[in-house]
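A.B. asks: Sequence:
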Amino acid sequence: MGATAVINENLLNGLHRLLFRVLRVRLLWLIVLVLALFGVLDATQALITAGVIVVVLFAARRSLLRAFAPRVTALSPVRGDGRTLLAVAGPRRRIRVTDPATGSAVAVLKGHRGWVMALCEVDTGDRVLLASAAKDRTVGLWDPETAAEVAVLTGAGIGPSSVCQVRAPGGVLVASGAQDGKLRLWRPESGAPVHVMAPKAGEVMAVCGVPVKGGRGELLASGHTDGTVRLWDPSTGEPVRTLTGHDGGWPNALCVVPGPKRVLLASAGTDERVRLWNPATGNQLRAMKDDFGWLHALSPVTYGGRTLLASGGDGPGVKLWDPADGSLVDTVGGAAFIFGPYGCGWVRALCQIEVAGEPRLVTGGYDKRIGDWPLTA
556 MGATAVINEN
566 LLNGLHRLLF
576 RVLRVRLLWL
586 IVLVLALFGV
596 LDATQALITA
606 GVIVVVLFAA
616 RRSLLRAFAP
626 RVTALSPVRG
636 DGRTLLAVAG
646 PRRRIRVTDP
656 ATGSAVAVLK
666 GHRGWVMALC
676 EVDTGDRVLL
686 ASAAKDRTVG
696 LWDPETAAEV
706 AVLTGAGIGP
716 SSVCQVRAPG
726 GVLVASGAQD
736 GKLRLWRPES
746 GAPVHVMAPK
756 AGEVMAVCGV
766 PVKGGRGELL
776 ASGHTDGTVR
786 LWDPSTGEPV
796 RTLTGHDGGW
806 PNALCVVPGP
816 KRVLLASAGT
826 DERVRLWNPA
836 TGNQLRAMKD
846 DFGWLHALSP
856 VTYGGRTLLA
866 SGGDGPGVKL
876 WDPADGSLVD
886 TVGGAAFIFG
896 PYGCGWVRAL
906 CQIEVAGEPR
916 LVTGGYDKRI
926 GDWPLTA
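According to this note's numbering, the sequence shown is numbered sequentially starting from 556.
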């Protein structure tokens, strides 16, 4: 990572866990042993003291993890009641659905027992649902207007980190990726599992549906900690091709970028680069360098009448890239992320919504507030 990169939350969490283990084992017994040797504590007092120290250290670890956790882990537009709503998820196990035009709450979705890590709209053709992947090893399907939990897809593996819809010849499927390295596909209507793919490529960090030329459904793209992006046939669960290029890192985010001639696949992650691929051939078309560290979020946006690619991560602002030539068009937010009400500027999630027919960029991360930026040239 570059000198200007901000320490990533995963590294912080790992350090907290390591510190807790060391302190729990070494410091606990050292203190108790010293006190017992000097006769300050008898056996009963020593055991009570040991228990108190364990409780204090456990509470301190939880406080550290909460202090460095993002307040917003996922954002997604979702249609409902003839309007576009905004779904917001974070570490408090709830999903808030709001009307972006007024800022008023529409529904609060409760049911997960772990952090909600990813959100996605699922259009079955008969109805529009909201899918959520959480650390309780489930994927939830919700009615965003009534807050009703339509289905709970269990067996999502250890630490589901991503979710998306993918169109297969037999209908729309829900796909999820998890820290156990497996991809899972379900039918949203019945909740029945369809395929489980285990490529042995490390943790799955992101998933995305990629349209196939000619309108013949979609492929499933997945990003892994071995640095690869893999394409799958959702109807069979078989691999199609592997995209390599995230040298020394891995992709944290995937999205498709529609274009006048073809759809591109974008990936971004810990190598501080946004990469564009031709999913039909697996060729990497270009790579754009971000000088502020790890990237966590990608989304196509409409800016000045053309489609650009937005990227956000461990730096101030959201960068807007021209997928045609890889040039940096604009930076949204910029200093406001550092000095304004948006906290320390880390962007964990972003998406485009429309308010009164105008495109707007919505961001979330390490601040309780949601960033709302007009997309005007």
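Some hints here could point you the wrong way.
[Said to hold, decoys possible] Cβ pair distances, simulated, as ranges:
| # | residue 1 | residue 2 | range |
| --- | --- | --- | --- |
| 1 | V683 | G803 | 27 to 35 Å |
| 2 | N833 | D654 | 35 to 43 Å |
| 3 | E793 | G814 | 38 to 46 Å |
| 4 | D802 | T931 | 13 to 21 Å |
| 5 | V707 | G837 | 19 to 27 Å |
| 6 | V884 | V663 | 16 to 24 Å |
| 7 | E704 | P815 | 39 to 47 Å |
| 8 | G912 | A702 | 22 to 30 Å |
| 9 | G757 | T701 | 35 to 43 Å |
[Unchecked claim] Here are the simulated lysine-lysine pairs, DSS-like style, with alpha carbons at most 30 Å apart:
| # | residue 1 | residue 2 |
| --- | --- | --- |
| 10 | K816 | K755 |
| 11 | K816 | K768 |
| 12 | K844 | K816 |
| 13 | K755 | K768 |
| 14 | K844 | K768 |
Just so you know, the hints here were simulated from the structure itself, not pulled from any lab data. All values derive from a computational prediction rather than experimental measurement. All C-beta atoms in this analysis are idealised placements derived from N, C-alpha and C, irrespective of residue type, glycine included.
A.B. asks: Hints first: check each against the structure and report whether it holds.
C.D. replies: So, going through the hints one by one against the coordinates:
{"no.": "1", "hint": "V683 x G803: 27 to 35 Å", "in the structure": "violated (40 Å)"}
{"no.": "2", "hint": "N833 x D654: 35 to 43 Å", "in the structure": "holds (38 Å)"}
{"no.": "3", "hint": "E793 x G814: 38 to 46 Å", "in the structure": "violated (27 Å)"}
{"no.": "4", "hint": "D802 x T931: 13 to 21 Å", "in the structure": "violated (37 Å)"}
{"no.": "5", "hint": "V707 x G837: 19 to 27 Å", "in the structure": "violated (36 Å)"}
{"no.": "6", "hint": "V884 x V663: 16 to 24 Å", "in the structure": "violated (37 Å)"}
{"no.": "7", "hint": "E704 x P815: 39 to 47 Å", "in the structure": "holds (40 Å)"}
{"no.": "8", "hint": "G912 x A702: 22 to 30 Å", "in the structure": "holds (27 Å)"}
{"no.": "9", "hint": "G757 x T701: 35 to 43 Å", "in the structure": "holds (38 Å)"}
{"no.": "10", "hint": "K816 x K755", "in the structure": "violated (34 Å)"}
{"no.": "11", "hint": "K816 x K768", "in the structure": "holds (10 Å)"}
{"no.": "12", "hint": "K844 x K816", "in the structure": "holds (25 Å)"}
{"no.": "13", "hint": "K755 x K768", "in the structure": "holds (29 Å)"}
{"no.": "14", "hint": "K844 x K768", "in the structure": "holds (29 Å)"}
Violated hints, in rising order: 1, 3, 4, 5, 6, 10; the structure is consistent with all others.
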